[in-house]
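A.B. asks: Chain by chain, the residues:
Number of protein chains: 2
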Amino acid sequence: MTILLYELVGADLQRPFSPHCWKAAMALAHKNVPFERVPTPFTRVATIENGSGRTVPLIRDGDRVVGDSFDIALYLEKTYPDRPTLFGGPGGQAMARFVERWTQAVVHGFIGGALLADINACLAAPDQAYFRRSREARFGKTLEEAGAGRHEGLDGFRRQLEPLRATLAVQPFIGGQGPLFCDYIVFGAFQWARVVSSFRLLDADDPVAAWLERCLALHDGLAGRVAAAA
Amino acid sequence: MTILLYELVGADLQRPFSPHCWKAAMALAHKNVPFERVPTPFTRVATIENGSGRTVPLIRDGDRVVGDSFDIALYLEKTYPDRPTLFGGPGGQAMARFVERWTQAVVHGFIGGALLADINACLAAPDQAYFRRSREARFGKTLEEAGAGRHEGLDGFRRQLEPLRATLAVQPFIGGQGPLFCDYIVFGAFQWARVVSSFRLLDADDPVAAWLERCLALHDGLAGRVAAAA
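Protein chains in written order, with the working numbering: chain A, 1 to 230; chain B, 1 to 230.
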């Protein structure tokens, strides 16, 4: 049975951009289960699956509905144990939480503010109104103000990637010789940036950039097929 | 057969302090293999096991000699597969590298400079001469200068622990419901600080402090038996 993946889109339905939705899409592809992507603009998220207060990503697998990217990965691992593993055992499942929290603090911590105006520019008009209102309330400043310091903050951001860079000096993926869900957790954030913005987060010769290229090529280029923002 | 663990000590042979040696000691205890600790001051490290250029930790297990804390953990996992796992599978083994690199960048990055003078104060006289010379060359400043900004840097350090703190909000150990080698990697750095210095790295109500207490109690209080520096 085909799994439905509801994921966030802007004006162009072919360019899903949410980091958390990309984690779910990569996890589904990794498990090699058939899935269909349901483009979902911000202002329709609350209506999917007849639910109030739903968030994306959300999957429907037969009669089961699962939200939250990490929970989706856990669900897939448990439900499809014979497919390629997303965690590489219980230790990897536990440590993927650390990777998730690091990504949230360091990568989202920078991208989240830096790219707000770029995200907004990708949205359809009704979603722009929602996005500006909700994000400006959350950040306590305009979208443009939130991104104003991104050039000054870039060096510090790149330095904070050192644990990832140093890991990639000993192995091609965070998950080891091949990717695991931990890779998709970090990748999701960079793919988000890549799809919505031409702002260059990484030096071309950064080993993190080479890893990103490896991720873009995975699963028949699932993520690479969406062109980078010009 | 009893495994020998060579580990760094200062003037008091009963107070091993090296973070990397503590990782190895905790890994040996976790595997529940008998081991004997061989106190080794800085100026005798190069002479152990008749080797030139040896570093600690170093273990001898029968006719095998293994150095480097991560390599020791890998060796123990492979050699004693029926004992409690240090990695929880291949995914955990790979992601432990990420935890290691994060610890190196964030925790050692702060402690390394902040506690130099405290470390020096723990050493016997010949080791002090070696330590001061080698560390002042490495840092390009005196031991005292390297630690001068530690009060100003403390808030930033604590903020950088957020990925660890947030992980511990969902599970008691980085390794999940119980500790794995990834916990010992981070713990080693905090134990280092605890043994050599009374400088308070953590707020008492920090969830990281509670995790540290859990680690100190592990393996019959192996690490907790060494009293904190007064």
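Keep in mind the hints are simulated off the structure, nothing from the lab. Cβ atoms here follow ideal geometry from the backbone N, Cα and C, with glycine treated the same way. Be careful, since some hints might not be right.
[Stated by the list, open to error] Residues of chain A placed beyond 10 Å of chain B at every Cβ, according to the derived structure:
1. 85
2. 93
3. 125
4. 226
[What the hints assert, rightly or not] The following label-pair restraints were derived from C-beta to C-beta distances:
5. A:2 - B:71: 44 to 50 Å
6. B:214 - A:177: 47 to 53 Å
7. A:159 - B:141: 45 to 51 Å
8. A:141 - B:209: 49 to 55 Å
9. B:155 - A:200: 47 to 53 Å
[Unchecked claim] To give an idea of the chain A side of the interface with chain B (calculated C-beta under 7 Å), a few residues:
10. 32
11. 34
12. 90
13. 101
14. 161
15. 170
16. 172
17. 175
A.B. asks: Now tell me, hint by hint, if it's right for this structure.
C.D. replies: We went through each hint and held it up to the structure:
| no. | hint | result |
| --- | --- | --- |
| 1 | 85 | violated (7 Å) |
| 2 | 93 | violated (7 Å) |
| 3 | 125 | holds (36 Å) |
| 4 | 226 | holds (27 Å) |
| 5 | A:2 - B:71: 44 to 50 Å | holds (46 Å) |
| 6 | B:214 - A:177: 47 to 53 Å | violated (32 Å) |
| 7 | A:159 - B:141: 45 to 51 Å | violated (20 Å) |
| 8 | A:141 - B:209: 49 to 55 Å | violated (34 Å) |
| 9 | B:155 - A:200: 47 to 53 Å | violated (31 Å) |
| 10 | 32 | violated (18 Å) |
| 11 | 34 | violated (25 Å) |
| 12 | 90 | holds (5 Å) |
| 13 | 101 | holds (4 Å) |
| 14 | 161 | violated (10 Å) |
| 15 | 170 | holds (6 Å) |
| 16 | 172 | violated (10 Å) |
| 17 | 175 | holds (5 Å) |
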